[in-house]
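**Student:** The chain contents come next:
Protein chains: 2
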Amino acid sequence: MATSRGPYAKGVAKREEILRAALEVIARHGYRKTSTRELAAAVGLSEAGLLHYFGTKEQLFEAVLRARDEADRSRFVDVPDSIGLLAAAVRHNGSVPGLVELYSTFSAEAGDPEHKSHDYFVDRYAAIRSSLADAARARQAAGTFSPSADPETVATALIALSDGLQIQSQYDLPADPADLFDNVLDLLRDS
Amino acid sequence: MATSRGPYAKGVAKREEILRAALEVIARHGYRKTSTRELAAAVGLSEAGLLHYFGTKEQLFEAVLRARDEADRSRFVDVPDSIGLLAAAVRHNGSVPGLVELYSTFSAEAGDPEHKSHDYFVDRYAAIRSSLADAARARQAAGTFSPSADPETVATALIALSDGLQIQSQYDLPADPADLFDNVLDLLRDS
DNA sequence: GTCTATACCAAGATAGAC
DNA sequence: GTCTATCTTGGTATAGAC
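Residue numbers (this note's numbering), protein chains in the order written: chain A, 1 to 191; chain B, 1 to 191.
Just so you know, the hints here were simulated from the structure itself, not pulled from any lab data. This structure is a prediction, so every number in the text was calculated from the model and none was measured. Check each hint, because a few of them may be wrong.
Since the list gives no way to pick out one identical chain from another, each pair is judged satisfied if it fits inside one copy or across any two copies.
Stated by the list, open to error - Calculated lysine-lysine pairs in the DSSO-like style (CA-CA distance at most 27 Å, straight line): (1) Lys116 <-> Lys33; (2) Lys57 <-> Lys14; (3) Lys57 <-> Lys116; (4) Lys57 <-> Lys33; (5) Lys14 <-> Lys33; (6) Lys14 <-> Lys116; (7) Lys57 <-> Lys10.
Put together the whole structure using the sequences plus the hints.
**Tutor:** Right under this line is the structure:
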């Protein structure tokens, strides 16, 4: 048996270059219209060469979304709790429509239990839900959040609100989704 | 000039048969995995014959969603206002996972302004938003809804909540999405 | 019964995943 | 390169208005 040696430094760098390029191409052409062919051309690789790094098109897009989560976390390190983090992310989404389209489409498609990225979203939703519920409990203890609201319910609803606003923002929304999200949070503080 | 004669009785019947069959096949196999070939076979047509009626696969799926909206409206005629209608639809969605997958995926994909069904969703969202805002105003006037909530904001947020719950329901949700939706409505009544 | 738009099919062009 | 998917082209057969 060959023992796994892990990626070489060159491979790591190429991976990052591919992720950056994928982000850029997706932002311009959208998710559905971005082919592996086009992506390969953008980084100077053959299609086979590109897929060597990520296995399938889907795993590549999953990697792009993981990279975005990571980037958001480090962009908003100073935000006090995960409810605030979600609000900041919703606001930031307004400036990256290509990523919003990727996230919306991909999270809907991966709803199929046989989709390669299904488990990624199961884990991601569970983690966010748990951390939002913690934040809701902390805010309730501090007296800055509706005491009658069930934390788990609030957590699930806030995620749904964020996801749903990302979809609606692709159509003609009369207001800024981020302002809307903040307004709903205000309602929950006062009820 | 060729004057349009409209569809023959046979064509009208076949159209309905196709929509019914599409609903069933999509409910079983999901949206992404349903091919025009499979759909054509299910109604005893060639692919070209199938596409003769709807032009493209996308227009066929749009027709399926229009038929669903129509079916929901007649299923819930006795529901007093459109907020109640949305709540009833969310509850009903729990029994038709294939349609939920179709709706989630398709509404995300059609976010692309060049998608053939983009305008359908623009109109649909605008209509639902307007009717939900009317319902919120009526409930506020009747004293059964938070007076501090802006009706337009509530309308957009309720749609987002419904859409987002449809996505999350495809993963491991700890609670029933319909109960969750009702709980959020309760919070809005008391605030 | 004539006429032509509608209903439908066979084959293939095109394009993307892998 | 191979396989699979959508959609077009170019046709024939039939419904149904007149």
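**Student:** Taking the hints in turn, state whether each one holds.
**Tutor:** Going down the list of hints, with the structure as the test:
{"no.": "1", "hint": "Lys116 <-> Lys33", "result": "both (20 Å within a copy, 14 Å between copies)"}
{"no.": "2", "hint": "Lys57 <-> Lys14", "result": "within (16 Å within a copy, 37 Å between copies)"}
{"no.": "3", "hint": "Lys57 <-> Lys116", "result": "both (10 Å within a copy, 24 Å between copies)"}
{"no.": "4", "hint": "Lys57 <-> Lys33", "result": "both (12 Å within a copy, 16 Å between copies)"}
{"no.": "5", "hint": "Lys14 <-> Lys33", "result": "within (23 Å within a copy, 32 Å between copies)"}
{"no.": "6", "hint": "Lys14 <-> Lys116", "result": "within (23 Å within a copy, 36 Å between copies)"}
{"no.": "7", "hint": "Lys57 <-> Lys10", "result": "within (21 Å within a copy, 43 Å between copies)"}
The structure meets every hint from the earlier list without exception.
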